[in-house]
Amino acid sequence: MKKGIRWRLGLIGITVVLSFVFFLPSTPLYARFPGWWGKFLPNKGITLGLDLQGGMHLVLEVQGEKAVDNALDRAVNGIKDLLTEKKIGVESVQRVGREIAVTLGTNASGADEANRIIRDSYPGFSSITSGGSKLLFSMKPSEANRIMEAATSQALETIRNRIDQFGVTEPLIQRQGPQQILVQLPGIKDSQRAIELIGKTALLEFKLVDDQSPLFRSFPPRVAADEESKVLKEFEGKVPPDDQILFERIVDKESKNVVFKRPYLVKKNAAMSGDTLTDARVSIDQDNQPFVAITFDGTGARIFEKITGEYRGKQLAIVLDNTIYSAPVIKDRIPGGRAQITGGFSPQEANDLAIILRAGALPAPVKIIQNVTVGPSLGADSIRKGILAGVVGTGFVVVFMVLYYRLSGLIADFNLVLNVILLIGAMAYLNATLTLPGIAGIILAVGMSVDSNVLIFERIREELREQKPVRMAVEAGYDKAFLTIIDSHVTTLITAFVLFIFGTGPIKGFAVSLSLGVCINLFTSLVGTKVIFDMVNSRRKIQRLSI
Amino acid sequence: MLEIFGKTRIDFVGKRYLFFTLSGVLVSLGLFALVQISRGAANLGIDFAGGAAVQLRFDRPVRIDEARRVLEKNGIRDAELQQFTGGDRLLVRMKHQEITGGLADQLAKVLGSEIPDSHPLVESSTEIGPTVGEKLRRDAVVAVAVSVGAIVVYIAMRFELRFGVAAAIATFHDVLAVLGAFYLMNKEINLLILTALLTLGGYSLTDTVVVFDRIRENLRARRREPLEEVINAGINQVLSRTAVVSLTVFLVLVALFFWGGEVIHDFALALILGVIVGTYSSWFVASPLLLIWRKTQGRLLRRA
Numbered sequence: 001m002k003k004g005i006r007w008r009l010g011l012i013g014i015t016v017v018l019s020f021v022f023f024l025p026s027t028p029l030y031a032r033f034p035g036w037w038g039k040f041l042p043n044k045g046i047t048l049g050l051d052l053q054g055g056m057h058l059v060l061e062v063q064g065e066k067a068v069d070n071a072l073d074r075a076v077n078g079i080k081d082l083l084t085e086k087k088i089g090v091e092s093v094q095r096v097g098r099e100i101a102v103t104l105g106t107n108a109s110g111a112d113e114a115n116r117i118i119r120d121s122y123p124g125f126s127s128i129t130s131g132g133s134k135l136l137f138s139m140k141p142s143e144a145n146r147i148m149e150a151a152t153s154q155a156l157e158t159i160r161n162r163i164d165q166f167g168v169t170e171p172l173i174q175r176q177g178p179q180q181i182l183v184q185l186p187g188i189k190d191s192q193r194a195i196e197l198i199g200k201t202a203l204l205e206f207k208l209v210d211d212q213s214p215l216f217r218s219f220p221p222r223v224a225a226d227e228e229s230k231v232l233k234e235f236e237g238k239v240p241p242d243d244q245i246l247f248e249r250i251v252d253k254e255s256k257n258v259v260f261k262r263p264y265l266v267k268k269n270a271a272m273s274g275d276t277l278t279d280a281r282v283s284i285d286q287d288n289q290p291f292v293a294i295t296f297d298g299t300g301a302r303i304f305e306k307i308t309g310e311y312r313g314k315q316l317a318i319v320l321d322n323t324i325y326s327a328p329v330i331k332d333r334i335p336g337g338r339a340q341i342t343g344g345f346s347p348q349e350a351n352d353l354a355i356i357l358r359a360g361a362l363p364a365p366v367k368i369i370q371n372v373t374v375g376p377s378l379g380a381d382s383i384r385k386g387i388l389a390g391v392v393g394t395g396f397v398v399v400f401m402v403l404y405y406r407l408s409g410l411i412a413d414f415n416l417v418l419n420v421i422l423l424i425g426a427m428a429y430l431n432a433t434l435t436l437p438g439i440a441g442i443i444l445a446v447g448m449s450v451d452s453n454v455l456i457f458e459r460i461r462e463e464l465r466e467q468k469p470v471r472m473a474v475e476a477g478y479d480k481a482f483l484t485i486i487d488s489h490v491t492t493l494i495t496a497f498v499l500f501i502f503g504t505g506p507i508k509g510f511a512v513s514l515s516l517g518v519c520i521n522l523f524t525s526l527v528g529t530k531v532i533f534d535m536v537n538s539r540r541k542i543q544r545l546s547i
Numbered sequence: 001m002l003e004i005f006g007k008t009r010i011d012f013v014g015k016r017y018l019f020f021t022l023s024g025v026l027v028s029l030g031l032f033a034l035v036q037i038s039r040g041a042a043n044l045g046i047d048f049a050g051g052a053a054v055q056l057r058f059d060r061p062v063r064i065d066e067a068r069r070v071l072e073k074n075g076i077r078d079a080e081l082q083q084f085t086g087g088d089r090l091l092v093r094m095k096h097q098e099i100t101g102g103l104a105d106q107l108a109k110v111l112g113s114e115i116p117d118s119h120p121l122v123e124s125s126t127e128i129g130p131t132v133g134e135k136l137r138r139d140a141v142v143a144v145a146v147s148v149g150a151i152v153v154y155i156a157m158r159f160e161l162r163f164g165v166a167a168a169i170a171t172f173h174d175v176l177a178v179l180g181a182f183y184l185m186n187k188e189i190n191l192l193i194l195t196a197l198l199t200l201g202g203y204s205l206t207d208t209v210v211v212f213d214r215i216r217e218n219l220r221a222r223r224r225e226p227l228e229e230v231i232n233a234g235i236n237q238v239l240s241r242t243a244v245v246s247l248t249v250f251l252v253l254v255a256l257f258f259w260g261g262e263v264i265h266d267f268a269l270a271l272i273l274g275v276i277v278g279t280y281s282s283w284f285v286a287s288p289l290l291l292i293w294r295k296t297q298g299r300l301l302r303r304a
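For the protein sequence lines, the chains are A and B, in the order given. Just so you know, we're using my numbering here: the first sequence kicks off at 1 and counts up by one. Just so you know, we're using my numbering here: the second sequence kicks off at 1 and counts up by one.
Excised from the complex, chain A in its bound form (with noise of 0.2 Å):
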């Protein structure tokens, strides 16, 4: 045999059976291979796009303005406490804006001591003003901007925190930029409710009731669920500036549908908030009715303890997002850091819960910018399609090829099968994401691929025209297209180069679909067909080409 035919044919060997060896996890045959198979050799496969096995995209972001407002105003809470701590007569606190209004009492001496003492705790802002009794603070942007980004960190570990406790197998959880978060939760089928878990932010407080208050005797004992605005609107203005109102959601214990609200007057700083949980579970009373199980640690025992202790006959308002969930009076100091949160919870809205208590508050809250959702019966039908489609359009193609070119096309066909082969391979290796334009693009290659053989042949049909020799004329085509074969598939690759870059989920899969059919076939187009034609070659010489 001539040199060189060997060696090429043992590449496309090698390169044929590593394909079939990569390609093999995605089948259902991988089940029966020993496991040390799956050790040295690549075991993952194709993976499945969304649109193609079902599933959920979602892209949140985080509000993260709000994680700054938020700080502020621990800033003020935590100033005035400070102050006090150090003796320093303080009459107001004040947030305004992004700004920190301090009013000294008026025997306050110390203006510049309280501006310092601020100043060590808090390097986060810095002092606009330091005059007399009025101290005007402003938080620095970097500062800002280190919570708006710790935020977006939080809420990341948080949201994975939950998905990993909601169960689902193999999701995807990155931060897509400064502020979103990008979730893909494969095969999930109750799209509502994983939703529910991710987005929301959890914050768990407890708030003393104004009982003592007038206003509070004036509320009504309950309204209609939709008539909270109503209820606000009428006590506007009336709600001294320490309170403020929430409702308590009134559930029906048949249909579990929230038919009642019950409004409160609750004090605006709440005596003890849900970050020093340590856990959450479910547990069922004596009603039969779910309720979820919280324990604190020991700072937030200690703390609960003394809240109780001191409150002894007043309501504590259970407060989750800005929502009542019950408001039990307290009969006696409680040690130990436990407590119930009832509400009129289903089975699976208490299990939610108790998810979401463990893994914690999300620091700011989320939105939700972009939702796919797609149901696992339309997947397994593209794929169909798909492959329908592509095995229509290979026949077109084979047929064609040798009608066209006769046997030259048949060899032609082989190349366009090692393509198919060598991307499937390839893709597998990469563990690439297959989508539906994933497929189409495939497809596309198939058709792409036998431009190059084209390309060749008809060369050779010109050289053969002018009477050259069946060898010389093989190889004076293959040399002239050379160039021009690559420069079809550079400008090809440019475009899917750039596809690949801007893209998202399924046009990145085409993306790489197509780059990877048509360098594979660079490769199958020059050295594959090439080497047929030599081995023809090479036997005897040939007066007639078919071509």
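Think of the hints as simulated: they come from the structure by calculation, not from any bench. Heads up, a few of these hints could be off.
As the list claims (entries may be wrong) - Taking lysine to aspartate or glutamate pairs in the EDC-like style, the calculated list, with each CA pair at most 20 Å apart, reads:
(1) A:Lys-200 to B:Asp-105
(2) A:Lys-367 to B:Glu-134
(3) A:Lys-367 to B:Glu-98
(4) A:Lys-480 to B:Glu-217
(5) B:Lys-7 to A:Glu-466
(6) A:Lys-268 to A:Asp-321
(7) B:Lys-15 to B:Glu-228
(8) A:Lys-134 to A:Asp-73
(9) B:Lys-7 to A:Glu-463
(10) B:Lys-109 to A:Glu-196
(11) B:Lys-73 to B:Glu-114
(12) A:Lys-480 to A:Asp-534
(13) A:Lys-385 to B:Asp-266
(14) A:Lys-508 to B:Asp-266
(15) A:Lys-367 to A:Glu-157
(16) A:Lys-189 to A:Glu-349
(17) A:Lys-541 to A:Glu-463
(18) A:Lys-253 to A:Asp-285
(19) A:Lys-256 to B:Asp-105
(20) B:Lys-109 to A:Asp-190
(21) A:Lys-66 to B:Glu-98
(22) A:Lys-385 to B:Glu-262
(23) B:Lys-187 to B:Asp-266
(24) A:Lys-508 to B:Asp-139
(25) A:Lys-189 to B:Asp-105
(26) A:Lys-385 to B:Asp-88
(27) B:Lys-7 to A:Glu-462
(28) A:Lys-200 to B:Glu-98
On the provided structure of chain A, position chain B as indicated by the hints.
Chain B only, in chain A's frame:
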């Protein structure tokens, strides 16, 4: 040997102004479509415009007007409804509203309760906020610009600047022509169609490069002859192969068009139109354009 075109002697160059006019019409249509798109006055998919699209499958065929009536009765106005072949699948499109995740189920519940025996199943639901759509539009423009830019650079490197510019114009022409056609047919222009446009941009160069290659070869071999003849001869010589190259892709696209399913259907149509226009522009537009740029009398190639 079977040949699509035998030895031909078509005068591409001579009639070029006729073809330039035709192309001018196509390009103007495309530019008009582009303007309409940026004004938001075209049929933009929710990828770009934001909004929601829910695909529902029913147990029995449901009439569009019936579904629309039910939706409006329940306070859902401004919904665009589209039916897929078979009548048992409905696509509901709505303008942007806040994404709560419950839209699809809500639609299914409303339709299912008021249309007897329909038992709607949510096959897919896509909700896209307006900011995402905006970002996508900007990204799309950048993507097209980068693609074309890169292509010009590459062709200019491989041939010469004039060839690169001519190729770029031909590419733009192809993309705009298909865009214009889609606008005329009032087909939805979404991300997938944009992908098709970019792909055909890259692919239509295959033909163009084949022609340019031959022209360059001829220019080096036949320096004495007038430019028009050399170009004409070049195009005629590669007529068959460019036709076959386009034909093979065309065959594959036809299969995708008829058997690939609804999602791929329009995508395949865009590419089919693209292949046709691309072949047309390689023959009738790209090469004659070279004539417009000759620097010195009769010399097209600076470096031989």
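Hints versus structure:
no. : hint                   : verdict
1   : A:Lys-200 to B:Asp-105 : holds (19 Å)
2   : A:Lys-367 to B:Glu-134 : holds (17 Å)
3   : A:Lys-367 to B:Glu-98  : holds (9 Å)
4   : A:Lys-480 to B:Glu-217 : holds (10 Å)
5   : B:Lys-7 to A:Glu-466   : holds (14 Å)
6   : A:Lys-268 to A:Asp-321 : holds (13 Å)
7   : B:Lys-15 to B:Glu-228  : holds (11 Å)
8   : A:Lys-134 to A:Asp-73  : holds (19 Å)
9   : B:Lys-7 to A:Glu-463   : holds (15 Å)
10  : B:Lys-109 to A:Glu-196 : holds (19 Å)
11  : B:Lys-73 to B:Glu-114  : holds (10 Å)
12  : A:Lys-480 to A:Asp-534 : holds (17 Å)
13  : A:Lys-385 to B:Asp-266 : holds (15 Å)
14  : A:Lys-508 to B:Asp-266 : holds (18 Å)
15  : A:Lys-367 to A:Glu-157 : holds (16 Å)
16  : A:Lys-189 to A:Glu-349 : holds (17 Å)
17  : A:Lys-541 to A:Glu-463 : holds (17 Å)
18  : A:Lys-253 to A:Asp-285 : holds (14 Å)
19  : A:Lys-256 to B:Asp-105 : holds (18 Å)
20  : B:Lys-109 to A:Asp-190 : holds (15 Å)
21  : A:Lys-66 to B:Glu-98   : holds (18 Å)
22  : A:Lys-385 to B:Glu-262 : holds (10 Å)
23  : B:Lys-187 to B:Asp-266 : holds (8 Å)
24  : A:Lys-508 to B:Asp-139 : holds (14 Å)
25  : A:Lys-189 to B:Asp-105 : holds (12 Å)
26  : A:Lys-385 to B:Asp-88  : holds (18 Å)
27  : B:Lys-7 to A:Glu-462   : holds (12 Å)
28  : A:Lys-200 to B:Glu-98  : holds (15 Å)
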